[in-house]
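For the protein sequence lines, the chains are A and B, in the order given.
The numbers in my numbering rise by one with no breaks, and the one at position 106 of the first sequence is 106.
The numbers in my numbering rise by one with no breaks, and the one at position 42 of the second sequence is 1042.
Just so you know, these hints were derived from the structure itself, not from any lab.
Be careful, since some hints might not be right.
Below, computed lysine to aspartate or glutamate pairings styled on DMTMM-like, alpha-carbon distance capped at 25 Å [said to hold, decoys possible]: (1) 1248/B <-> 1283/B; (2) 1090/B <-> 1137/B; (3) 1006/B <-> 1490/B; (4) 1006/B <-> 448/A; (5) 97/A <-> 1020/B; (6) 1403/B <-> 1552/B; (7) 97/A <-> 1634/B; (8) 1403/B <-> 1020/B; (9) 1390/B <-> 1664/B.
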Amino acid sequence: MNASAACTPLRFLLNGRPVSIESSSIQTTLLDFLRDRGLTGAKEGCAEGECGACTVVLVAGDGSGSAYRAVNSCLLFLPMAAGHEIYTVESLAAQGKLTEAQQAMAAAGGSQCGYCTPGFVMSLFAEQYRPGRLGPCDPEALGGNLCRCTGYRPIRDAALALGAAPEGPWRDRLAKPAPPLESVEYESEGARFTRPTTVAECLGILAADPQARLIAGGTDLAVESNLHGRRWGRLVSLEAIAELREFRETEDSVRIGAAVTLNEIAARWNAPPESFRQWLPLFASPPLRNRATLGGNLMTASPIGDGAPLLMALDAVAHWAGARGRRTAPLAEFFTGYRRTALEAGELFTAIEIPRPGPAFSRFYKVAKRRVDDISTVAAGMAMDWDSAGRIARARFAFGGVAAVPLRATAAEEAVLGERWNESTVRRAQAALARTLEPISDHRGSAEYRLAVAQSLLEKFWWERREEAAA
Amino acid sequence: MNVAGKSVPHESARGHVTGEALYTDDLVTRFPGILHAWPVLAPHTHAMVTRLDAAPALEEPGVFTVLTAADVPGEGDCGPNRRDEPLFPKEVMFHQQAVAWVLGETLEAARLGAARVRVDYEPLPALLTIEEAIAAESYHVGPVHLARGDASAIESSALRFEGELAIGGQEHFYLETMASIAWLDESGGVAIESSTQHPTEVQEIVARVLGVARHQVMVECLRMGGAFGGKEVQSNAYAAVAALGAWKTRRPVRVRLTRALDMALTGKRHPFLARYSAGFAADGRIEGVRIALYSDGGWNLDLSEPVLWRALFHADNAYYLPAAELTGYVCRTHKTSQTAFRGFGGPQGMLTIEEILDQAARRLGLPPELVRERNFYRGGDTTHYGQIVKDAGRIETIWQQLKQSSGFDQRRAEIQRFNTGHAHHKRGLAITPVKFGISFTATFFNQGAALVLIYRDGSVQVSHGGTEMGQGLHTKMQQIAAESLGLALEAVRIMPTRTDKVPNTSATAASASADLNGAAVLDACTQLKERLAPVAASLLECAVHEVRFGGELVCCDHGSVPFRQVCEAAYRQRVALFAQGYYRTPEIYFDQQTGRGQPFYYFAYGAAVSEVEVDGFTGGYRLLRTDILQDAGDSVSPVVDRGQIEGGFIQGVGWLTLEELVWDAQGRLATSGASTYKLPSWSEVPDVFQVSFLEGATERGGIFGSKAVGEPPLMLAISVREALRDAVAAFGAGGVVTFASPATPERVFFAVRRAVAEREALASPAGGAARR
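All chains should be modelled from the sequences, with the hints used to inform the complete structure.
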């Protein structure tokens, strides 16, 4: 352990007041901390970021000012809050006067049992104050909040009834920048939480402490903690490493730092391919996207992650750093086995780079029981380019949920190369797919369905290309 | 009416949006020294506990004690009906059943301690499916019978068919999981805060476990973060653990299940298997049905028996069955004990008859809506259990009004055009009715009680026997009391439900709580007005019969005095300013032996039209539009009732489409958390969602002419399943379409494949010849 670094208390702003913490364990969630302090408005509904009953807002940078970002407090370990400015539902009503989001929810009949309501209110509050928003609030912003009572209609009406954010202290706050994130060194109950600010510093920690566990948005790791009781002796946060927070768009590529959140990517990428636009709303939920990072998603190496299939189809390249210096590999070669990547111990995933220009035609498909915020039964990223004679010059068929790793179905790609994209080449690609994929049966779907629907998605890709060409 | 019948927000809306509304587990920080409980979970689906050694757990720092059967001073069984629910089982009956509970200074300590309790098991073979239970004749209940006429009529019908429908269960997924806090009160009794629909039964079970009289136990329910039937009996065990822990340790004890524990330990909506044969005339009229319903009751009886009966009572839905032979069984399997869930068996019975009707329609080449309509109950008809279908004409009225307002016929034509023009996407449209019987089928539960206290300043406290779980019961009680006493809503405060205010209550269930408790509140208010009227008459110098209550005043033709002034005067005249109210539902009875009676006070009616679009490439679909017309009588609280209709409908959509409970081959629940078990979110709400109330629908005998609305709308979601079937049929050539419930994208995908294969077979020369 890097025992030399001096440990300091955790400090953050909670509902406008400074808080200092010295003795909570590093894996105490912000939610548990709030509730222990009697701030019981935030509720635990699932402890895995699915229900949104624990939603609070963080102040995050947005251009020269800042924005309120709804996050799941069950997925924030307390040390991750260090340096942040956090507001809970208890802070909204001033001198007994409800904020507009609260008024709208109450007036519309948006609460029945009320248990999910504080979470909805916080998501709606953040949406009403979203910088640059015009017109009514977008109900999609509430996509990370579950309600079992109302059927959502009145909540949708509450969102649609809210216009521009009213003048006042809540709006004034956003004219100022968010608090800068600084390094953290915190220790409690023998476990340590470190937030370095440079790649070199982070690599140094990893070299000195091989057991250290990296944490980016925490949307996966906190679930392991909350649901499976996993405990770590050392957590290293990537949130304040400037290089990992970079987003760079050039002529030749888009380079996305490993710790850039999904919503930040969406906000910063000026002209993403169509498949990206399809992908984003299907990927997790708004509060999760406010914290989850692409680096984290890829490094879990989950066979059902939504990041890999799209990025593979876009020929993305992974970048990482370590004792052997800076390394890269095409994402298609990145996943080496079930939940394993090409990274060696002590290495740090730094960025994903997507070459430009993108493909002539690309699509992202996600098959799941629920249309949004579900885990894929099968996910597919597909992309295609044609030569001047209309023959397929490049085909990318990448899948999740059909094998132990996210994979590119190269046999199917090769089967169509140099051909025209028509029903007969679709059949050929489908036959190749049957030989490549090794789906399993589980609670999300049968192996039979996974294979059949993966094949069917090839046909859908052909159909949509045909429809677009016709249009 | 000044207050009742008006659209008012939920009584706790302000508390909800500010986070100030408190739920059981929000109280934890008010109990210094509270102990936290964590269960020791059996890793087997069926096994004998051969040894349980708690000593290693006590070595875990922060563990205070371990609760086992040896700690029970009374009777260690929580079964509400049979004694079949041991609190500390010797025989493990489902995967992850709790065999002991560890109490720790922190939840973490209790959890780590639980992992250290040493338990030896002798695994036993398990029954995991209804089919396995049938083969083993493993039943809690059955066969039970309900019949009318001669079902052998089927044999001579123009159309005869038989089939099987597997109906999935449903996790309640109330946002607030099970929670209880127990402590010893200041006078040596036990007090319990419990998230329960049935405080009286919690009191009964706790008293049983502790071996004390019920007057030693006080149970309070502040409110619940959703329940939906899941907290009707299943809260008992967790309250009992908390109470036992407090009894043993003399410290407050908190039991709160995490979501994962709640899903693993608590019962769900019953999965059903329906086997049927049916006979129809060529014009689509039902001539006879034979239906056997097998419910998966799980490991103990729980409420499975009345759930089964309600399924049998509702196997007619809105249709006259001239000959019906219904048989029911509750299967005993090694799963969680399935329990009450909004609809309480009714949905499974109704789904079965709707399946039969749609199949008949497609086999006869008739529109399903026409076949449904031809079989409606008409005025004077009786059900298959001999009850006259009161207001049967409303079924047809609602049907025609809704078809009109939803543009049904015109949209049929539009959808046909859409489907012709789209090879890979098809739309489907369906209209389905609901008739749902209101009352507890166990007659003695149909009673309500209330306590109304008026203070000298004219402010009022109302306690009643019902609990608030989000359904708006307290809002309605507040409106009824305020209306009756002529006060503003704010003058009436609804108190948390407590067993020391109103004793011997029924569960808040069966959609009947507003009827039962509302009538009791009204009774108490009426008594109080009768006592206040003479006081007011003397103040106003008028006759007693001239006195009216309204606008915070007590008035007569020539003047008025403030209500508070009358209260103060009444106090000084030594008139009691509090009253108990009571109500029991008249005219209901049922004889299980003969299968005849009048189990329901009335029926709630409704219908829904739903339109879907199916993506043939994936089996995925979207709900485009739903129109609902519901008979809620003269609604006491339109915002509340609309909320029940919309919320019930979407919950039903979840049950029938995406909410799939999967147990693996070892009997472990594979869909055991929010990431694997998906309930409806925004994406399931139809783009167009129109809800109306049937007008002129005064319910004679209902409180202020209103009607129950908690459960019936759930079954309106059957329209979505039928619309999906309609869309799948459009991929095919007009043949029968079947898929098990829920209609997951996978099931829809393969149903589309079968339909396409059928069409292609017919289109090929050989297929065409075969058909000819």
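Failing hints, ascending? When the structure is compared with the hints, numbers 1, 4, 6, 7, 8, 9 turn out to be violated.
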